[in-house]
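Each protein sequence line maps, in turn, to chains D and C. Just so you know, we're using this note's numbering here: the first sequence kicks off at 342 and counts up by one. Just so you know, we're using this note's numbering here: the second sequence kicks off at 342 and counts up by one.
It is possible that some hints are incorrect.
Identical copies carry no separate label here, and so any pair may be met within one copy or between two of them.
[Stated by the list, open to error] Taking lysine to aspartate or glutamate and the DMTMM-like style, the derived pairs with C-alpha atoms no more than 20 Å apart in a straight line are:
(1) K378 - D440
(2) K492 - D532
(3) K394 - E374
(4) K378 - E415
(5) K492 - D416
(6) K492 - E436
(7) K384 - D488
(8) K492 - D518
(9) K477 - D414
(10) K492 - E467
(11) K394 - D469
(12) K394 - E425
(13) K492 - E524
(14) K492 - E395
(15) K384 - E524
(16) K492 - E507
(17) K384 - D440
(18) K477 - E441
Bear in mind the hints are in silico, worked out from the structure with no lab data behind them.
Protein chains: 2
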Amino acid sequence: MTTVRRDTYTPETLLSVAVRVFNERGYDGTSMEHLSKAAGISKSSIYHHVSGKEELLRRAVSRALDGLFAVLDEDPATRGRAVERVEYVTRRTVEVLVDELPYVTLLLRVRGNTRTERWALERRREFDHRIAELMKAAAAEGDLRSDVDIKIATRLLFGMVNSLVEWYRPQPGDGADGRQVAETVARLAFDGLRTTR
Amino acid sequence: MTTVRRDTYTPETLLSVAVRVFNERGYDGTSMEHLSKAAGISKSSIYHHVSGKEELLRRAVSRALDGLFAVLDEDPATRGRAVERVEYVTRRTVEVLVDELPYVTLLLRVRGNTRTERWALERRREFDHRIAELMKAAAAEGDLRSDVDIKIATRLLFGMVNSLVEWYRPQPGDGADGRQVAETVARLAFDGLRTTR
């Protein structure tokens, strides 16, 4: 078991404290004073690690974005029928979201008041665009039903995935949890809840 | 066509202005001053209609809650197989959400700092509980696939529906829009996106 000593703050420890405070108070509502109190270290110690709260935000949302974009480069996301690729990406996105819950929560709540926030929103749009392209390809290959609007379906699919940050709370010690949620999302979205008759 | 004259404020006009401001600034961040400016009438004129901002909040979330609960009493929601009832309720919930978008948006953002907010959260939980019961009944009748966790599926279904307040923007003049989204939600959730083979 690793013991984190208060006087040996690493950038990672500081980052996880900052993300918790950002999620609780909102990024706009968080001051360096709040971060210093929550971390139990002085402001000057924080400035030893980072240039300010915007750098902490950038590092935090980068972690979420890197996790999400990495999924798109994984082998099963890059070959085969588009419907299989988009189902794989959906499943893995849920897993990243569960694994990096506070970081993705922060990313999804970014509002666009600072340069870093606007950059994060831009990257999110890029990610959404990649998914939308995959969905269109799956429809073009005849693997998605033609009686649903693909644009609306794409929004709904990711509305469902992103809703996890609002209600999902990990159960202690249950490592398989994320995979179970991912499985449920994929089955619901691609095969439907109804018993096949 | 109805013309709304600025000097003949009705409680309904005031309510719709208040809901817009609450959604823009957050309920906590809205003062009577903000409401008075946005409505273009004096604070004392507002007090002529309501006792304060909490009464406006109560009226606004009541409108959303009344719309949602009314769905549960509609004929197709009360008879027949549970899976048909829950699909009907899902579809109608989307329609209410689209029709009452600012009111439901406000309801879904309520945080619980005041008595009215806590009452609204309690009513939302009641609604969610009614849906969860319907889903359980549908599973018990063998109409939902047994390889998904019904609790997670219920959360995901309503995560998807509620995500509408974040991304859905009505197209001017397109009255059928809400029904199309409702249809897409129902098909995606109950029958899945994949082409049946």
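So, going through the hints one by one against the coordinates:
no. : hint        : verdict
1   : K378 - D440 : neither (26 Å within a copy, 45 Å between copies)
2   : K492 - D532 : both (18 Å within a copy, 18 Å between copies)
3   : K394 - E374 : within (10 Å within a copy, 32 Å between copies)
4   : K378 - E415 : neither (40 Å within a copy, 53 Å between copies)
5   : K492 - D416 : neither (25 Å within a copy, 32 Å between copies)
6   : K492 - E436 : between (23 Å within a copy, 18 Å between copies)
7   : K384 - D488 : neither (57 Å within a copy, 51 Å between copies)
8   : K492 - D518 : between (30 Å within a copy, 13 Å between copies)
9   : K477 - D414 : within (18 Å within a copy, 39 Å between copies)
10  : K492 - E467 : within (15 Å within a copy, 32 Å between copies)
11  : K394 - D469 : neither (27 Å within a copy, 38 Å between copies)
12  : K394 - E425 : neither (40 Å within a copy, 51 Å between copies)
13  : K492 - E524 : between (23 Å within a copy, 13 Å between copies)
14  : K492 - E395 : neither (34 Å within a copy, 38 Å between copies)
15  : K384 - E524 : neither (44 Å within a copy, 53 Å between copies)
16  : K492 - E507 : between (23 Å within a copy, 15 Å between copies)
17  : K384 - D440 : neither (29 Å within a copy, 49 Å between copies)
18  : K477 - E441 : neither (28 Å within a copy, 31 Å between copies)
Of the numbered hints given earlier, the model fails hints 1, 4, 5, 7, 11, 12, 14, 15, 17, 18; all others are met.
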